[in-house]
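Two chains, two separate frames, one set of hints: put the complex together.
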Amino acid sequence: QKEVEQNSGPLSVPEGAIASLNCTYSDRGSQSFFWYRQYSGKSPELIMSIYSNGDKEDGRFTAQLNKASQYVSLLIRDSQPSDSATYLCAVKLGGSARQLTFGSGTQLTVLP
Amino acid sequence: DAGVIQSPRHEVTEMGQEVTLRCKPISGHDYLFWYRQTMMRGLELLIYFNNNVPIDDSGMPEDRFSAKMPNASFSTLKIQPSEPRDSAVYFCASSTGQLNTEAFFGQGTRLTVV
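As they're listed, the protein sequences go chains A and D.
Counted from 1, the first sequence has number 42 at position 24 by this note's numbering; the numbering is strictly sequential.
Counted from 1, the second sequence has number 281 at position 1 by this note's numbering; the numbering is strictly sequential.
Take these hints with a grain of salt, some might be off.
Below, computed lysine-lysine pairings styled on DSSO-like, alpha-carbon distance capped at 27 Å [said to hold, decoys possible]:
hint: 1; chain 1: A; residue 1: K74; chain 2: A; residue 2: K20
hint: 2; chain 1: D; residue 1: K304; chain 2: A; residue 2: K74
hint: 3; chain 1: A; residue 1: K60; chain 2: A; residue 2: K74
hint: 4; chain 1: A; residue 1: K74; chain 2: A; residue 2: K85
hint: 5; chain 1: D; residue 1: K348; chain 2: D; residue 2: K304
hint: 6; chain 1: A; residue 1: K60; chain 2: D; residue 2: K348
hint: 7; chain 1: D; residue 1: K348; chain 2: A; residue 2: K85
hint: 8; chain 1: D; residue 1: K358; chain 2: D; residue 2: K348
hint: 9; chain 1: D; residue 1: K358; chain 2: D; residue 2: K304
Covered by chain D, per the in silico footprint, the following chain A stretches (three or more residues, Cβ under 8 Å) [stated by the list, open to error]:
hint: 10; segment: 27-40
hint: 11; segment: 59-72
hint: 12; segment: 93-99
hint: 13; segment: 120-126
FRET-style restraints, in silico, Cβ to Cβ [to be verified]:
hint: 14; chain 1: A; residue 1: S26; chain 2: D; residue 2: Q378; range: 24 to 34 Å
hint: 15; chain 1: A; residue 1: T127; chain 2: D; residue 2: P364; range: 22 to 32 Å
hint: 16; chain 1: A; residue 1: N40; chain 2: D; residue 2: R365; range: 27 to 37 Å
hint: 17; chain 1: D; residue 1: M320; chain 2: A; residue 2: N40; range: 13 to 23 Å
hint: 18; chain 1: A; residue 1: Q49; chain 2: D; residue 2: E298; range: 19 to 29 Å
For the record, the hints were derived by calculation from the structure and aren't laboratory data.
Every residue gets a Cβ at the ideal spot worked out from N, C-alpha and C, and that includes glycine.
If we strip away everything but chain D, and leave its shape as in the complex, we get (with noise of 0.2 Å):
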């Protein structure tokens, strides 16, 4: 397997644009998690999908974030408008139900909003 895959790689962008980071899970896994880091706040969970439902988008930032899982190879978080303080590292991990398991994660996208 490929493992988790992240697009783009990096992303910068004017402050108030759209941007939009995409993932692929592994297959099988029914887990797929959206984290953001950044040097000040760490490893951060923004939003969780089981069997691409949301279940928990608690630590989701504000409206102008939004993720969306249209099937179960394939998830999206998007901002809008962009901020720079939103500039971070975004990771997507995945795993299967079973609790002694841990999240696999992608490369993850560096986004720069200027």
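Just chain A, with the same shape it has in the complex (with noise of 0.2 Å):
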């Protein structure tokens, strides 16, 4: 089982949609979770951390985090064009770890 799992898509949502993206992880000592934003040819950026569980929401985006069901997840509304991209979900163990885990990532087209 990988570490930290997402569903690699391609995930497709008209714009103005709501888009949708899910990452499971196995170690229940994860304590910190990040999603990123990975344009094609470009680095990793980060969009949304999340520490605690429930939502947290920063403009169009709402991070999600359940630790008891090992799950968080993205929400994207009122998607755009430019939000098409891949998008990384990264976990941070606990304790002195501080080095952070991706998932595979989740490849999102917004079609106008």
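Okay, structure coming up:
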């Protein structure tokens, strides 16, 4: 079992719709969770981070965390063509670990 | 701050040659990570340093790979000898030591071994 799993997609949604991206992780000791966006040929850039159970909203983005289910999700409301990218889920263990473990990414296409 | 700086941006080399990738982390960040990204395997952690000391190199694929961090502002990843299967994008990232902080990525080095 991979440590961090994502639906590889590709996922296509029409412009203005809600895009839902999902991620599960295997280590119950994981403490911090991150969503990165990566445009083709570019480096990953952080869009959301979440550390506590529940929802965290930032503009059109909402991250959801359920530690009991070991599940993290990212919702993108009012999707725009500029949101088309690969979204990477990343997890950081607690304790002294500081490295991020990444999922394989979900490719999102927003159709105009 | 200029962010994490990597060089070169692109490298094409012949099989068997030595390749050296370079990274300058963000000033004040005491963690430095080297990742490799391929279509097949995604983004994999190769090695990371804390205060210039290697902490975990379990992701380094073979003895052909080595990494150093001689000071807080410079790190290298070396492949010797290089092989075609090493072709990938290599990212350097840095972060502070706080648990709830992200890693910031450089622009990456696209390596092609022919």
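Quick rundown of the hints versus the structure:
With a C-alpha separation of about 26 Å, the suggested pair K74 (chain A) and K20 (chain A) falls inside the 27 Å cut-off, and the hint holds. For the hint linking K304 (chain D) to K74 (chain A), the alpha-carbon distance of about 32 Å lies beyond 27 Å, and the restraint is violated. Taking the CA atoms of K60 (chain A) and K74 (chain A), the gap is about 26 Å. The hint holds against a cut of 27 Å. Proximity of K74 (chain A) to K85 (chain A) is assessed by CA-CA distance (about 14 Å); at most 27 Å being required, the pair is judged to hold.
Note on K348 (chain D) and K304 (chain D): the hinted pairing holds, with a Cα-Cα distance of about 12 Å set against a maximum of 27 Å. A hinted pair counts as satisfied when its Cα atoms are at most 27 Å apart, and K60 (chain A) with K348 (chain D) qualifies at roughly 25 Å. Note on K348 (chain D) and K85 (chain A): the hinted pairing is violated, with a Cα-Cα distance of about 36 Å set against a maximum of 27 Å. Between K358 (chain D) and K348 (chain D), the direct Cα distance comes to roughly 8 Å. Compliance with the 27 Å bound is thereby established for this hinted pair.
Of the pairs offered as hints, the one joining K358 (chain D) and K304 (chain D) holds, with about 15 Å between alpha carbons and a cut-off of 27 Å not exceeded. Counting residues of the segment 27-40 of chain A whose beta-carbon sits less than 8 Å from any beta-carbon of chain D gives 0, not enough to reach three: the coverage restraint is violated. For the segment 59-72 of chain A, the stated coverage by chain D holds: 7 residues have a C-beta nearer than 8 Å to a C-beta of that chain, and at least 3 were required. For the segment 93-99 of chain A, the assignment as covered by chain D is violated, since 0 residues bring a beta-carbon within under 8 Å of that chain's beta-carbons and 3 are needed.
Look at the segment 120-126 of chain A against chain D: 4 of its residues bring a Cβ nearer than 8 Å to a Cβ of that chain, three or more, so the hint holds. Distance hint for S26 (chain A) and Q378 (chain D): a CB-CB separation of about 31 Å, consistent with the stated range 24 to 34 Å. Separated by about 31 Å at the C-beta atoms, T127 (chain A) and P364 (chain D) satisfy the suggested range of 22 to 32 Å. N40 (chain A) and R365 (chain D) have their C-beta atoms about 31 Å apart, which keeps the hinted 27 to 37 Å range intact.
At roughly 22 Å, the beta-carbon separation of M320 (chain D) and N40 (chain A) lies within the given 13 to 23 Å, and the hint holds. Here the CB-CB span from Q49 (chain A) to E298 (chain D) is close to 39 Å, at odds with the stated 19 to 29 Å.
When the structure is compared with the earlier hints, violations turn up for hints 2, 7, 10, 12 and 18 and for no others.
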